[in-house]
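The listed protein sequences derive, respectively, from chains V, D and G. Numbering-wise, the first sequence is residues 1 to 521 according to full-length UniProt numbering. Numbering-wise, the second sequence is residues 1 to 291 according to full-length UniProt numbering. Numbering-wise, the third sequence is residues 1 to 313 according to full-length UniProt numbering.
In case anyone wonders, no lab produced these hints; they're calculated from the structure. Given the structure is predicted, the values throughout are model-derived calculations rather than measurements. In this text, a Cβ means the ideal position worked out from N, Cα and C, and glycines have one as well. Take these hints with a grain of salt, some might be off.
[What the hints assert, rightly or not] Straight line, CA to CA, 30 Å or less: simulated DSS-like cross-link-like pairs of lysine-lysine: (1) G/K123 / D/K28; (2) V/K269 / V/K453; (3) V/K133 / V/K108; (4) V/K26 / V/K519; (5) D/K62 / G/K158; (6) V/K471 / V/K453; (7) V/K133 / V/K26; (8) G/K158 / V/K26; (9) D/K28 / V/K269; (10) V/K349 / V/K26; (11) V/K453 / V/K200; (12) G/K219 / G/K158.
[To be verified] Take a look, some chain D residues computed to stay more than 10 Å from chain G by CB distance: (13) I37; (14) L53; (15) E66; (16) G67; (17) A96; (18) L137; (19) I139; (20) T189; (21) F250.
[Unchecked claim] Facing chain D, according to a computed beta carbon distance under 8 Å, are these residues of chain V, among others: (22) V253; (23) D254; (24) G261; (25) P263; (26) P305; (27) A308; (28) N313; (29) D369; (30) V371; (31) A372; (32) L373; (33) V379; (34) T390; (35) Q394.
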Amino acid sequence: MFNRLTATLLASTMLAGTAWAETTVKAVMHSGLRVLDPVITTAHITRNHAYMIYDVLIAQDSQFQPQPQMADWAVSDDQLTYTFTLRDGLTFHDGTPVTAADAVASLKRWGQKDAGGQVIMDRTASLEATDDKTITWTLTEPFVPMLDMLSKQSALPPFIMPARVAETSADEAITDYTGSGPFRFVEEEFQPGLTVVYEKFDEYVPRDEPADWMAGGKVVNVDRVEWVNMPDIQTAVNALSGGEIDYIEQMQVDLLPLLEGDPNIVVEKREPTGMQTMVRMNFLHPPFDNQQIRQAALKAIQQEPVLAAMVGNPEYYQVCGAIMGCGTPLGSEVGTETLTQGGGVEEAKALLEEAGYDGTPVVLMAPTDMVALATQPVVVSQALREAGFTVDLQPMDWQTLVTRRASQAAPAEGGWNIFITNWMVPEISNPISNPMLNGRGDDAWFGWPTDEKVEELKENFIDATDAEAQKAVAEEIQAHAIDNGLLIPLGQYTLPQARRAGITDMINSPVPVFWNLQKAE
Amino acid sequence: MSPIPPPTSAMQPVLRALRLPQFGWGSKIAALVLAVIVVLTLLAQWIAPHDPLTMNPLARLKGPIEGHPLGTDNFGRDIFSRVLIGGQLSLIIGIATAVVSVLIGLVIGMVAGFFRTADAIIMRMMDALMAIPSILLAIALVALNGPSVGSVIAAITIPEIPRVVRLVRAVVLAAREEPYVEAAIALGTSMPKILVRHLVPNTLAPLIVQGTYILASAILTEAILSFLGAGVSTETPTWGNIMAEGRMFFRIKPELILYPGLALSLCILSINLLGDAARDMLDPRLKKRAG
Amino acid sequence: MLGYILRRILAVIPVMLLVAVFVFLLLRLTPGDPAAIIAGDMATPAQLERIREAMGLNQPLHIQFVTWLGRLMQGDLGVSLISNTPVSAMIADRMGPTFAIAILTILMSVAMAVPMGVLAAWKHRSGADYAVMTFSVLGFSVPVFVIGYLFILIFSLKLGWFPVQGYTPVGSGLGAFLSNAFLPALTLSTIYIALIARMTRANMLEVLGEDYIRTARAKGAPERTVLFRHALKNAAVPILTVIGSGFALLIGGVVVTETVFNIPGIGRLTVDAILARDYPVIQAMILLTSFLYVLVNLLIDLSYSFFDPRIRY
Numbered sequence: 001m002f003n004r005l006t007a008t009l010l011a012s013t014m015l016a017g018t019a020w021a022e023t024t025v026k027a028v029m030h031s032g033l034r035v036l037d038p039v040i041t042t043a044h045i046t047r048n049h050a051y052m053i054y055d056v057l058i059a060q061d062s063q064f065q066p067q068p069q070m071a072d073w074a075v076s077d078d079q080l081t082y083t084f085t086l087r088d089g090l091t092f093h094d095g096t097p098v099t100a101a102d103a104v105a106s107l108k109r110w111g112q113k114d115a116g117g118q119v120i121m122d123r124t125a126s127l128e129a130t131d132d133k134t135i136t137w138t139l140t141e142p143f144v145p146m147l148d149m150l151s152k153q154s155a156l157p158p159f160i161m162p163a164r165v166a167e168t169s170a171d172e173a174i175t176d177y178t179g180s181g182p183f184r185f186v187e188e189e190f191q192p193g194l195t196v197v198y199e200k201f202d203e204y205v206p207r208d209e210p211a212d213w214m215a216g217g218k219v220v221n222v223d224r225v226e227w228v229n230m231p232d233i234q235t236a237v238n239a240l241s242g243g244e245i246d247y248i249e250q251m252q253v254d255l256l257p258l259l260e261g262d263p264n265i266v267v268e269k270r271e272p273t274g275m276q277t278m279v280r281m282n283f284l285h286p287p288f289d290n291q292q293i294r295q296a297a298l299k300a301i302q303q304e305p306v307l308a309a310m311v312g313n314p315e316y317y318q319v320c321g322a323i324m325g326c327g328t329p330l331g332s333e334v335g336t337e338t339l340t341q342g343g344g345v346e347e348a349k350a351l352l353e354e355a356g357y358d359g360t361p362v363v364l365m366a367p368t369d370m371v372a373l374a375t376q377p378v379v380v381s382q383a384l385r386e387a388g389f390t391v392d393l394q395p396m397d398w399q400t401l402v403t404r405r406a407s408q409a410a411p412a413e414g415g416w417n418i419f420i421t422n423w424m425v426p427e428i429s430n431p432i433s434n435p436m437l438n439g440r441g442d443d444a445w446f447g448w449p450t451d452e453k454v455e456e457l458k459e460n461f462i463d464a465t466d467a468e469a470q471k472a473v474a475e476e477i478q479a480h481a482i483d484n485g486l487l488i489p490l491g492q493y494t495l496p497q498a499r500r501a502g503i504t505d506m507i508n509s510p511v512p513v514f515w516n517l518q519k520a521e
Numbered sequence: 001m002s003p004i005p006p007p008t009s010a011m012q013p014v015l016r017a018l019r020l021p022q023f024g025w026g027s028k029i030a031a032l033v034l035a036v037i038v039v040l041t042l043l044a045q046w047i048a049p050h051d052p053l054t055m056n057p058l059a060r061l062k063g064p065i066e067g068h069p070l071g072t073d074n075f076g077r078d079i080f081s082r083v084l085i086g087g088q089l090s091l092i093i094g095i096a097t098a099v100v101s102v103l104i105g106l107v108i109g110m111v112a113g114f115f116r117t118a119d120a121i122i123m124r125m126m127d128a129l130m131a132i133p134s135i136l137l138a139i140a141l142v143a144l145n146g147p148s149v150g151s152v153i154a155a156i157t158i159p160e161i162p163r164v165v166r167l168v169r170a171v172v173l174a175a176r177e178e179p180y181v182e183a184a185i186a187l188g189t190s191m192p193k194i195l196v197r198h199l200v201p202n203t204l205a206p207l208i209v210q211g212t213y214i215l216a217s218a219i220l221t222e223a224i225l226s227f228l229g230a231g232v233s234t235e236t237p238t239w240g241n242i243m244a245e246g247r248m249f250f251r252i253k254p255e256l257i258l259y260p261g262l263a264l265s266l267c268i269l270s271i272n273l274l275g276d277a278a279r280d281m282l283d284p285r286l287k288k289r290a291g
Numbered sequence: 001m002l003g004y005i006l007r008r009i010l011a012v013i014p015v016m017l018l019v020a021v022f023v024f025l026l027l028r029l030t031p032g033d034p035a036a037i038i039a040g041d042m043a044t045p046a047q048l049e050r051i052r053e054a055m056g057l058n059q060p061l062h063i064q065f066v067t068w069l070g071r072l073m074q075g076d077l078g079v080s081l082i083s084n085t086p087v088s089a090m091i092a093d094r095m096g097p098t099f100a101i102a103i104l105t106i107l108m109s110v111a112m113a114v115p116m117g118v119l120a121a122w123k124h125r126s127g128a129d130y131a132v133m134t135f136s137v138l139g140f141s142v143p144v145f146v147i148g149y150l151f152i153l154i155f156s157l158k159l160g161w162f163p164v165q166g167y168t169p170v171g172s173g174l175g176a177f178l179s180n181a182f183l184p185a186l187t188l189s190t191i192y193i194a195l196i197a198r199m200t201r202a203n204m205l206e207v208l209g210e211d212y213i214r215t216a217r218a219k220g221a222p223e224r225t226v227l228f229r230h231a232l233k234n235a236a237v238p239i240l241t242v243i244g245s246g247f248a249l250l251i252g253g254v255v256v257t258e259t260v261f262n263i264p265g266i267g268r269l270t271v272d273a274i275l276a277r278d279y280p281v282i283q284a285m286i287l288l289t290s291f292l293y294v295l296v297n298l299l300i301d302l303s304y305s306f307f308d309p310r311i312r313y
């Protein structure tokens, strides 16, 4: 009786605080959500969705350090055994408690797909639930980045699903969207590519620590979050000005003047690191099977025009030659002076001549339907032409591009020479998880470089015991990757977010999250 | 289905149409405007103050400034030059579509009209083709072939063909009942000869009219395809893709849509007006039908 | 009459079957792989291959076609390759806005275009006539998205009369619906108004010259009766034809206006599906729109006899 009374009283005070009305946050995200399985795809929007409805064992804080989230951990002295202990109160959205068995099944499915996960699985002696709350993970050899891999927020964090869902083959999309995260997915209102609705999951027990990026307590202060997709950012801007939506995840910088002077709207950089845009060349086919010609392409390009055409306002881009990102622990700009300062065109011409470039056309794939990727190919193609390359700029939709980049055929027969893509800096800030630094030929990322040196350097990195040593190896990797043309970094940019002034206390993590924030009515 | 224009006698209307003074003042203005647009685009290489592809990303989205009478686009390219040069490809796509669809339609329509056995099959296929909304068909076709100039022309042409086929077939069906055709058949004149000598001339007048309309609508369709992200590369400007690119900047730089839009609309408007005039001239009976 | 209707309905079957074959082949010959878009940026070729296998994309074409057609016969449109949602549910979800706006468009166009056409014919060769004629050519000559942006610029941003974007279902109140739907419908209407006004004018001109109109006038019938009762009824057939053959135009326009005004309709669904190679959705949408086209034109053909007693089957 007493309990019921306090409960009622508590409930009414809480309600008085938040008023009776339901608070709904309407957000326009960077793209429409279509795929709901965070293991089958690395699409950022799916990962963002997963952070809404799933929870993770351990999570990264704003210092890039792993922190407990669902679980605490202990490491054995020999660095071979990791023991994770689930905290109390973890519940799936269907009401069943989260057990160690669920976590183990989820980690195993993740380990088949994620690059970092695969490396761990290769070194795993056993991964099992020793009791309801305890996960014991034993390795065959010490693996220093273990906790970094498990706590990373991109591209593919290990989300915890119920064991029955995690038993789905890793190549098949899941169809049951039960998680244990702070929000619940409202399946009935899901319109693929258009609207996604989340409701606050009342039984979620947040940690006590304050929220810090993906770590700390995930306290939800709104009842409902709706993600609406709009076909162009201009429409979204209009809707934000009119108060029809609360939040735009990625603003096009050129349109910022439209929001200036409106006291109800705040435009800000959400997170410090931003995105990297970069060129990838195909190592299998002429002319880029030749290191000198790859080097010529690198010398021909200067970052600033690319970034200016893409972003416009210099406040939102940063010339940066570091393949692992500027402003990250391992970022180094060795060897990229021409990229950042220009003046490499003559050198490029000389290299082309020396290499005997015969005018083989360079097939440059240019996606037309992705705003963040549409301008770079045009500027890059002009730069390459100026250095003496013959460029065949081929416009195509993004879907054709992702299909075609998987083709190892000759460029004239449906293959390719160059394309450009963007990464979130946390995804590429570590040589183990940076896909460009995979030198294993056919098993490498599209472009398929066979580069034993980079593999060797990565082994050195894994063996490096302290931050100092890691940084030294990372610098060697940078110098080598630039010299070999594993990628051409085009610089970094941040697309600012825009919110109604009534939305406050947003977390400035690279992944936009909806816990912690408040909405004033 | 829309009323089928009755056939007219041979070449006379075409010849008559060539006597320009019969056009009204509206058509004369239209002819003048079209002539100006065509001449400007033909001479674009010499008139344009800049190379339409030379970019300067550090001076992008500027208003009218010295050297750039209409300002610059998001790559810092000269809008005026791009609109001038863009007209070339827009017109080429329009003309190619009109010519190709009329020629293919003529051949298929002839076959359908003259050979009863082929007729049913061809017309069912044309019905099916016509039932698919042309924009959706065109986007799918561009996706199929990649957005090159050739595939854009093909994508706009294919949905136009059934309309031409129907027109030609109707003319042929009516003409083959004419005494002189029956006489030719009875005299054992070879089939190709009958087709070329007696039937093709009958189709000329309606085809010229149809051709101008296809020309106008093809230029428009190219713009819409570009708008939907299935057009030709930005390195080969067309009125359509200039507008498509400019649409992101509509609120801060509406010129990117307005100027190419104006050029395109004026061009299509004059083609349509001339098409109407040609129709009135070539076939007075059509005039009553469509005003 | 009944025999004719039956014949016409039966004739729909081979046409639709051809559309089905055509659409299926067209899509499967398109380069592009839905598995790649699902898998995202980090997938390796081997992972892609496994996803393709799981999605049934590795089977021979004819098997895929027969499977698809068989399910189609049972009313099963399949499941979206990308989002795993039933296609029928996706379409049902997105149909409302498109149809509501299409119907509003047709109503608005007829309401504006028919009086315009009648006026132009009645005051033949007057200023009004030339104005209507100029407008009707202009309507064909300006791309629909340019019109849309102009309307947004003028009516939403400058005058603030309508919201810039979005959609409210009719269920939430007619006023709310209209405030969102008016501009898109007006945009779509321009080309329709042009078409219908032209047609109406031409047919009115023809009919107004006929003997029975002169008789009616001679008998002292009021001009309004002459125009709307006698003349317009006879001009109805060609106008109906225009609405029917303009259906394809409407679909094309819907795709564009839904993008300009951010309306969650089936036009955008289709374009998105094409860009993502979501085969089941594209197939279903093209089949559906083609079927509607055939159906609308069938109904219009059949309604001729109602409006024009001279047409008998």
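D/A96 remote from chain G - nearest C-beta pair above 10 Å: holds, 19 Å
Cut-off 8 Å, beta-carbon criterion: hint that V/A308 touches chain D: holds, 4 Å
Pair hint V/K26 and V/K519, alpha-carbon separation not exceeding 30 Å: holds, 11 Å
Restraint satisfaction for V/V379 [CB to CB of chain D, less than 8 Å]: holds, 6 Å
Interface-negative label, D/L53 against chain G, beta-carbon threshold 10 Å: D/L53 clear of chain G: closest Cβ-Cβ about 24 Å, beyond 10 Å.
V/K133 paired with V/K26 [C-alpha distance capped at 30 Å]: violated, 37 Å
Hint status (Cβ of V/G261 to nearest Cβ of chain D, threshold 8 Å): violated, 14 Å
Pairwise hint evaluation, V/K453 against V/K471, where the allowed Cα distance is 30 Å at most: Holds, at roughly 17 Å.
Status of the stated non-contact between D/I37 and chain G (beta carbon gap over 10 Å): It holds; D/I37 is separated from chain G by about 13 Å at its closest Cβ, greater than 10 Å.
Whether D/I139 stays farther than 10 Å from all C-beta atoms of chain G, as the label says: violated, 5 Å
Satisfaction of hint between V/K453 and V/K269, Cα-Cα up to 30 Å: violated, 38 Å
Restraint status (C-alpha distance of V/K453 to V/K200 at most 30 Å): violated, 50 Å
In this structure, the earlier hints numbered 2, 7, 9, 10, 11, 12, 18, 19, 21, 22, 24, 25, 28, 31, 32 and 34 are contradicted, and the remaining ones agree with it.
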